[in-house]
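Put chain B on the given structure of chain A with help from the hints.
In the order they appear, the protein sequences are chains A and B.
Under the numbering used here, residues 33 to 311 are what the first sequence spells out, in order.
Under the numbering used here, residues 33 to 311 are what the second sequence spells out, in order.
Everything labelled a hint here was simulated from the structure, so no lab data went into it.
Quantities reported herein were computed from a predicted structural model and do not represent experimental measurements.
Backbone N, C-alpha and C fix where the C-beta goes; we use that ideal spot for every residue, glycine too.
It is possible that some hints are incorrect.
Said to hold, decoys possible - Anything over 12 Å on all C-beta distances counts as not near chain B; from chain A, calculated:
(1) K126
(2) I154
(3) L162
Stated by the list, open to error - Pairs of lysine-lysine residues, derived as DSBU-like cross-links and limited to a Cα-Cα distance of at most 35 Å, are as follows:
(4) A:K60 to B:K209
(5) A:K163 to A:K107
(6) B:K233 to B:K175
(7) B:K34 to A:K91
(8) A:K163 to B:K160
(9) B:K90 to A:K90
(10) B:K160 to B:K209
Protein chains: 2
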Amino acid sequence: MKTYLDCIPCFLNQALRAGRIITEDENKLRTILDEVGIILRDIPLERTPPEIGMLVYKKVGELTGEFDPYHNIKKDSTEKALSLYHLLKDEVVKSKDRLLTAIKIAIAGNVIDYGVNRVFNIEEDIDKVLKNDFAIFDYDKFKHYLDKTNEILYIGDNSGESVFDRILIEELDKPVKYVVRGIPIINDVTYEDALQAGIGKVAHILSSGTSAPGTVLRTCNPEFMKIYNNSNFIISKGQGNYEALSDERHPIFFLLMAKCSVIANEIGVVEGDIILKGV
Amino acid sequence: MKTYLDCIPCFLNQALRAGRIITEDENKLRTILDEVGIILRDIPLERTPPEIGMLVYKKVGELTGEFDPYHNIKKDSTEKALSLYHLLKDEVVKSKDRLLTAIKIAIAGNVIDYGVNRVFNIEEDIDKVLKNDFAIFDYDKFKHYLDKTNEILYIGDNSGESVFDRILIEELDKPVKYVVRGIPIINDVTYEDALQAGIGKVAHILSSGTSAPGTVLRTCNPEFMKIYNNSNFIISKGQGNYEALSDERHPIFFLLMAKCSVIANEIGVVEGDIILKGV
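One chain only, chain A, in its complex shape (with noise of 0.2 Å):
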């Protein structure tokens, strides 16, 4: 998915808030602002918007020298989620289409996002996306890749969220390969986080050894890269992984709420739907 000239003004937003955690100085944080407005002046919108956010990040770390802002927010979520696992745990024993209730907690859990302009309680939006119909609901399809493959290629997305990706791949009942990033990006999910939220207990957990808050597949390192082209089912969880992965033409099944209006209108949604979008 391209980048669209909305997501100039979020950029900078984002900077400003992963800058605030750093910093007070209002006088570093406009140095910010000015100077990722630079990077955004010369950024060719084919590009996709986790390629941006690489930059935007890379460059608020540069100039704070901290390129791990989000470290303790991320360690807080997934103890947050951890403490809320029991409880959705019991909503898919007692639900009557397992796999499905726990697709849709995966998807809960993706509204602990940092990187986008949005408020969030995780009980009460969990509460919502539960209650919630799927906007795109290629369920059966999902079913009949699951029920074919031998092995799952996951791909997380935030930290946090990771927890409610365990409720479901405990639902999936093969092997599990969990994606995660490569080094810290915003709140997005790496090898620590994925581990603390009990990851490794479910599945096997690999990193895609990227720097952008999507899987940008040039800047994935080639042991992720030959799993990836080798699978012939794949999750993809979030927001991030969609606008990186979108224009891919392999068996990807999309999870994520639609939490920005450009990404809504992509994909022909309203803002807060949830999806389920297979290839």
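Just chain B now, kept in the frame of chain A:
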């Protein structure tokens, strides 16, 4: 009120939104973002947001040749507001406190604002405002000042909204001078818009002369300044006028809804709150 760093991405969004009314050409729109970005790099944050807004929209005008992109939208929103006039007038007539209900209606009209990043639905939002309590409520002081004055200076904000101002003016029961912007800026009310709203029937319409989306005094004409300086009861409508006049030491009553987090934080309320704030 000073301009905050958060206003910078917001101004870019505003420029993009105004640009999109004029053209669909992505290259032109990109140029608008780039050029407005350059202006924003140089602005002193000590200036008020409407002072910056004036420069931003002027630049959009220069780049596109269209200095009044909201012309038709303004006409339509005033027409829409006029269609609600009798309904809202009935609300006032049947209420226990006519003045208070009219004040609430005038604030409700403030949702009609294309300058902020906010989608609105007039009927729904009016209903919400009428049911909402004030976050700041200097009503007794307002009545006290109203009682003592012989004349009211009423500074309008947006087109459409001015129909709701008319309802309040009709309850004030004193001669009113209604202040409009000097030239079109966003969807702010001008002389022509105020006439369309029927303000001419209930007040003397007066231009402040400003081309800013708020009453930035140093951009106002001498005629207005003389009246302003001699006024002992001023009603200031909306966010832009608050931003421009909040540091003034003058008998001003601000009637507004806090429509973004920046102004909400500045005033010490939450987004969406309604305010009747005396000096």
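Hints versus structure:
1. K126: 37 Å, holds
2. I154: Since the minimum Cβ distance to chain B is about 20 Å, A:I154 lies beyond 12 Å and the statement holds.
3. L162: For A:L162, whose nearest Cβ neighbour in chain B is about 26 Å away, the distance exceeds 12 Å, so it holds.
4. A:K60 to B:K209: Answer violated: A:K60 to B:K209 is near 45 Å, above 35 Å.
5. A:K163 to A:K107: 28 Å, holds
6. B:K233 to B:K175: 24 Å, holds
7. B:K34 to A:K91: Answer holds: B:K34 to A:K91 is near 27 Å, not above 35 Å.
8. A:K163 to B:K160: Given pair A:K163, B:K160 holds - Cα atoms ~25 Å apart, limit 35 Å.
9. B:K90 to A:K90: Holds - the C-alpha atoms of A:K90 and B:K90 are around 33 Å apart, at most 35 Å.
10. B:K160 to B:K209: 29 Å, holds
Hint compliance for this structure: hint 4 alone is broken.
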